[in-house]
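J.: Residue-level listing of the chains:
Number of protein chains: 6
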Amino acid sequence: MTGPVPPPLPLIDEAVRRALAEDLGDSGDITSASVVPAGAQSSAVIAARTAGVIAGVHVAMRTFNLVDDTLAVTHRVMDGVRVEPGDVVLEISGSARSILAAERVALNFVGHLSGIATATAELALIIKGTNAKVCCTRKTTPGLRALEKYAVRCGGGVNHRFGLYDAILIKDNHIAIAGGVGPAVNAAKANAGHMVKIEVEVDTLAQLDEALAAGAHIVLLDNMDPAQLKEAVARTAGRAVTEASGSITAAKARAVAEAGVDLISVGWITHSAPCLDVGLDFTSGS
Amino acid sequence: MTGPVPPPLPLIDEAVRRALAEDLGDSGDITSASVVPAGAQSSAVIAARTAGVIAGVHVAMRTFNLVDDTLAVTHRVMDGVRVEPGDVVLEISGSARSILAAERVALNFVGHLSGIATATAELALIIKGTNAKVCCTRKTTPGLRALEKYAVRCGGGVNHRFGLYDAILIKDNHIAIAGGVGPAVNAAKANAGHMVKIEVEVDTLAQLDEALAAGAHIVLLDNMDPAQLKEAVARTAGRAVTEASGSITAAKARAVAEAGVDLISVGWITHSAPCLDVGLDFTSGS
Amino acid sequence: MTGPVPPPLPLIDEAVRRALAEDLGDSGDITSASVVPAGAQSSAVIAARTAGVIAGVHVAMRTFNLVDDTLAVTHRVMDGVRVEPGDVVLEISGSARSILAAERVALNFVGHLSGIATATAELALIIKGTNAKVCCTRKTTPGLRALEKYAVRCGGGVNHRFGLYDAILIKDNHIAIAGGVGPAVNAAKANAGHMVKIEVEVDTLAQLDEALAAGAHIVLLDNMDPAQLKEAVARTAGRAVTEASGSITAAKARAVAEAGVDLISVGWITHSAPCLDVGLDFTSGS
Amino acid sequence: MTGPVPPPLPLIDEAVRRALAEDLGDSGDITSASVVPAGAQSSAVIAARTAGVIAGVHVAMRTFNLVDDTLAVTHRVMDGVRVEPGDVVLEISGSARSILAAERVALNFVGHLSGIATATAELALIIKGTNAKVCCTRKTTPGLRALEKYAVRCGGGVNHRFGLYDAILIKDNHIAIAGGVGPAVNAAKANAGHMVKIEVEVDTLAQLDEALAAGAHIVLLDNMDPAQLKEAVARTAGRAVTEASGSITAAKARAVAEAGVDLISVGWITHSAPCLDVGLDFTSGS
Amino acid sequence: MTGPVPPPLPLIDEAVRRALAEDLGDSGDITSASVVPAGAQSSAVIAARTAGVIAGVHVAMRTFNLVDDTLAVTHRVMDGVRVEPGDVVLEISGSARSILAAERVALNFVGHLSGIATATAELALIIKGTNAKVCCTRKTTPGLRALEKYAVRCGGGVNHRFGLYDAILIKDNHIAIAGGVGPAVNAAKANAGHMVKIEVEVDTLAQLDEALAAGAHIVLLDNMDPAQLKEAVARTAGRAVTEASGSITAAKARAVAEAGVDLISVGWITHSAPCLDVGLDFTSGS
Amino acid sequence: MTGPVPPPLPLIDEAVRRALAEDLGDSGDITSASVVPAGAQSSAVIAARTAGVIAGVHVAMRTFNLVDDTLAVTHRVMDGVRVEPGDVVLEISGSARSILAAERVALNFVGHLSGIATATAELALIIKGTNAKVCCTRKTTPGLRALEKYAVRCGGGVNHRFGLYDAILIKDNHIAIAGGVGPAVNAAKANAGHMVKIEVEVDTLAQLDEALAAGAHIVLLDNMDPAQLKEAVARTAGRAVTEASGSITAAKARAVAEAGVDLISVGWITHSAPCLDVGLDFTSGS
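Chains as they are written, first to last, in the numbering used here: chain V, 5 to 290; chain D, 5 to 290; chain H, 5 to 290; chain P, 5 to 290; chain G, 5 to 290; chain R, 5 to 290.
Warning: the hint list may mix true and false statements.
Since the list can't tell identical chains apart, any single copy or any two copies may satisfy a pair.
Unchecked claim - Quick list of in silico lysine-lysine cross-link-like pairs, DSSO-like style, CA-CA up to 30 Å:
(1) Lys234 / Lys175
(2) Lys256 / Lys193
(3) Lys193 / Lys132
(4) Lys175 / Lys137
(5) Lys256 / Lys137
To be clear, the hints were calculated from the coordinates, so they are not data collected in a lab. Note that the structure is predicted; figures quoted are calculated from it, not measured.
Based on the sequences and whatever the hints tell you, model everything.
T.: Written out as structure tokens, the structure is:
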């Protein structure tokens, strides 16, 4: 219980192998093969260029070792830790060719995931002291969802469902087809398994009442302003988890959180967080 | 020669299948299975919520049809086209359950790729009228490089090498190991194939002279200010392609371009472009 | 909402392709290649040899069509339907070689899955009229879990969690490590996501009280006799879903169900149900 | 030559990885992640709960080590050994989280394969002292054939062909298409390779004569009663291997074997054997 | 029964997809993308440049259609047919870009497989009129064995075992370990299944006697001269299939065949046959 | 910079795993399982039977270790080294069963790749002392291109492009569609990336002039006789790399090389080189 638990190792390795195949192709690193002697040894560090929260250290370590399992790779910070510019994240030593072959893939993972962790942490800081937590969505980069949801946890956020398969979220289109919030929730309760939670998106307080009456476990309060949210939380009165969503920018987040909701869910921490700037520097070489 | 050519279809399908597996898991869309009748038919559109340049229409079409090949899917705009808020990108009709099962994956692809195309196009607009083109890097999202490089082309940019395997780029660490720009370029020329271009990163005009004397095909002018770049272009005198790089923000780009370089390469159009906001709306249902 | 929803098609196809590869190897059906003329056309049916509940019709249909997409395959009963000996499940016509190449794999799927559906339905019949439902476990055949859980639904049962990833089930070993039922449930509530349900296994009424006080969503009443179960249900008083487990044979099930629990979970419907006897008969050939 | 040889390791690993992916999904064991401290160490054993013959020990060992290669895993019995209730099969020690993550998959493999070995061994015991051996069929669980055929060997049985690809078995439908037993066997001899054995299913003594005259290597005596089998064995007079099949229950097996056949082939040892009850118990923990 | 039966379609498609991925990479055919208009339509033929026996027509057809399923592809000759220079094998029409993208992979398959078929056919012609058939070995190109063995059949040869898994071949190293030909064959008979044939390599007539006495099904007469082979065939007297092997060149083959053996097995028809020269010509274009 | 750099290790392992799966199937080496005791230990060598240049030593080493990572495998020569008959390439010791299971796959790789290296080296010897180098093409065995191109490097040759994706080669069909050499090269220059080289095939000196005027980087002089080639080289005057192709046999190669071209490209070194004869001999066994 020290820090977030990463996705299963086979999933990480599969993502790393795919990225390495993408970068190495059939002929590998032809620059190093032409310019760097086969026996050259080097030491290098991955360091932060800007401040942020790190995620993906283990992924980077696997990247170096899947290229060359004789590389010595040591982490200097754990995932979830805040770094300042210049802080060293990882140390690598061994074959210069191997380090160069893995460099870009390792940096792309750490930069991308740390960007998400950093955006999450910044939002978490904004709402600090309230009851609310930052929550992610399914608006993730195709193929990287498990890692991105892990990065959200590294940044101090919590995860929403992982896919369409592990929880029920009834949205506007479902409600329209089912003929209302109540009928939709009732259909879900009748048909879904007992191990599955049911959430329903509501746009109005009337819909909220209907959702609560039907026994939804979580209510997604969509596009409500702080006053509406406050009223919604009051009406819910602990009968369901309350989640606010809908274009919640950093500027709006504090007011939303102070309305008393349990969760603020935002897509942009996964789909639009800028990369954290990290780089690799050689510290010695032969 | 009408619009950029997308990656090979098997590559697109593999990316789509991976993203669908990630979202559908072992039990599929349990919300729709519980709430939406099996026979329900609907029509829906994917439309832009904000202005931008579209990329990934074909990917979205494959997403719907890999979920259900009986869905009718028609594109209303082509990749590379600029859209305004409300513009319809795709129309889909058929099984409501199938549309809902594919919705999020399709949107994630279009949003992510259109975000890259839009960022590229914005930068291209800034440097319009100069000799320079916007160019991407290998700083891409792991597993999506071919699609992201395609999105850059949709935005009016050009592609740098696709990986370590298809061109030589000699950077600072290579130069240090090889003992200078000249020896590094010479090693590359001696060892690399005749079908491979050689680029070398230079930080100073002295290095530039060395690179040109050694016969580099492209020179990467790293972190030079506009005045230095102008001098570098003058010295190069057409003997090599000139590429400027190094923290070139939108604010700096015009001045860099006006220095006369052929290419401005930026990592942020692929690693930090925010998602373009696109959404799916049901237009009818039964 | 007509019958259980099968797993996603790509998952079914992957299972079928794997089974076909296992049976066809590198050289295919060498018997038919030697004995059956290339152009021979036949019609055949898959029929039940004993009574039971059918599951896997769609899987069998995919099997024939992944061997040869020109085969005409028509189902005569839907998954979840009870059949008597001699009832026709599927009709196939086309190339005799193709029908023979797919026969065994199709039968193995239908026999295995219908065996599970039948065992489930038999147990469901035994507890008919009570409040309880038949529920499966993670004691499934490696590689076939999604299909086996679907077969349970076809037999009228409900599904427990699909894996370690989609719900929390705190068992004896977790309780021992966490230092008791209460601390374990509290740790789960503190660390797990809001979209995840929490179940805890209790062996005694004292543990049950602890679980309910801590707010478990589901209580797994393990190895309790009907009298204890009745007391447990009474104490629970609707605060949690009640699930009985632990060597519940067909002989014991009615008494367990009448104790008032919501669910009876049994491993043997998935790991030990005998195959339903189904066979393929040629009805004509040229 | 000590005990049956298991399938190739890559095949075992692939089956284990698939089963682990099925159980761990994208987020892994969320119960242990929430309740068990990261550093907790434990020891555990897998022990038999009922008597039977063990198969799958190596598969279970790979399961633990593919989850975590730092787990110490030691087998206490070999595959093919008979165990009594309480006998320890495997000992595992190391990270408690890793043991719990692998537990169910390891048990599902050992339980399933040992169930097959046990059913085989029970049948083998019934026919002990006769000339006959227990033989499996292609009626196996999709995706697990190689492991199930290995389990049959662990139980003292022998294997029939592995698929459609490695031997010829001419059945009723082939005979009908070919125009008789003789023409079918002759076609097989003319067209099949010299490394391939030819078996033919016969329903009558007349067909048997035809098969022997045509030179079949093995005759499958289908649905004959013991008297007919005795006559069939006598007529065959060593010219072919004799295999009895067709609804041979444990009750009928002795009489069939005493008729003098070489092999008794039964589908139910692979498709309908109940799981052997095995469980994992923690023996210590920190 | 018209022509050899090709390997299962999924196996062919997997080989084709792998070859296409190898040729198209992440960016596809960048020449056609740059030079050929998207809408250009063409017709083309694949024709033989030298005489030979064709194999791989279906593989080539799948290649074109896996690149673009709108291409019209028609075969003009079947696998196994002898062609003269200029004979058209396949006709293709449709998108010029698609034809060019598939061209080289299709030609590589047809050229490689037809080379094997042609070498086989040439050897078959040399031994025409004798009792012997041309037989292949396991000396095949890694990854292409099933297709190469099919090409041998197209050339009029027969197949030896497909791998280590489908038949027993006891060679010198096994004999040394087992302590002689007799013990080795006896061990095989005791341990191998009844559906498996047993072959043993013998270097001398004494070993041959031992093999026959032990009941080997096939004897591999290794490196014997025609006189020895004649004596070996006489001693065998129909008790086993006789197979000659060991550096049997085209020049030696007739004498070997006339010695009366059933089979002449040669590695070079699969591992060293030169490619048949085939080319693609555009017949029209727009 | 000591010897050619092999393809990325994951690519090698994937090729080896595929070949092992092909040879071992579902049941593995049934001969050794029947005849060789489980504990038997042996030592063996792979040695050349004929003279040639070795390629694939690392691939063979991986083959043995992917079958059994406890085998001790030591190379005695490096790839690219010339061997004489009897020279030992590899030494292996450990489990006799494991050595026998890997033997054929290891030999098939070494034989095939060394055959290519040897053919390349023989051609390189013929043109020794001229300016020309031996160059490969895309006429490779499907699925093995990266390894075959590596074998060409081991033989002293150089590589042409790896696929359609990494360089532009404008051929006769492109020229016809584009309307001439000039327009085709101009289209390529306009549309292709700056990191991509452009080659154009020319059949006449007039086309050569057009290609040079348009700025092609490499000119493929197709089917020209030595006199034409000499003139072509003279006209090119260093403005482009010159590559001769078109049915260049060993007999013609010297004259072609003496015409002054930079490269001689031949398909037959990859598609038609006979296997180098290598074998495995046991040196001791228990």
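J.: Each hint needs a verdict: does it hold in this structure or not?
T.: So, going through the hints one by one against the coordinates:
1. Proximity of Lys234 and Lys175 under a CA criterion of 30 Å is satisfied intra-copy only: 21 Å inside one chain copy versus 39 Å between copies.
2. Within a single copy, Lys256 and Lys193 get their C-alpha atoms only as close as 34 Å, which misses the 30 Å cut-off; across copies the closest is 28 Å, which meets it.
3. Within a single copy, Lys193 and Lys132 get their C-alpha atoms only as close as 35 Å, which misses the 30 Å cut-off; across copies the closest is 20 Å, which meets it.
4. Taking the shortest Cα distances, Lys175 and Lys137 sit within 30 Å of each other both inside one copy (21 Å) and across copies (29 Å).
5. Taking the shortest Cα distances, Lys256 and Lys137 sit within 30 Å of each other inside one copy (14 Å), while across copies they are farther apart (38 Å).
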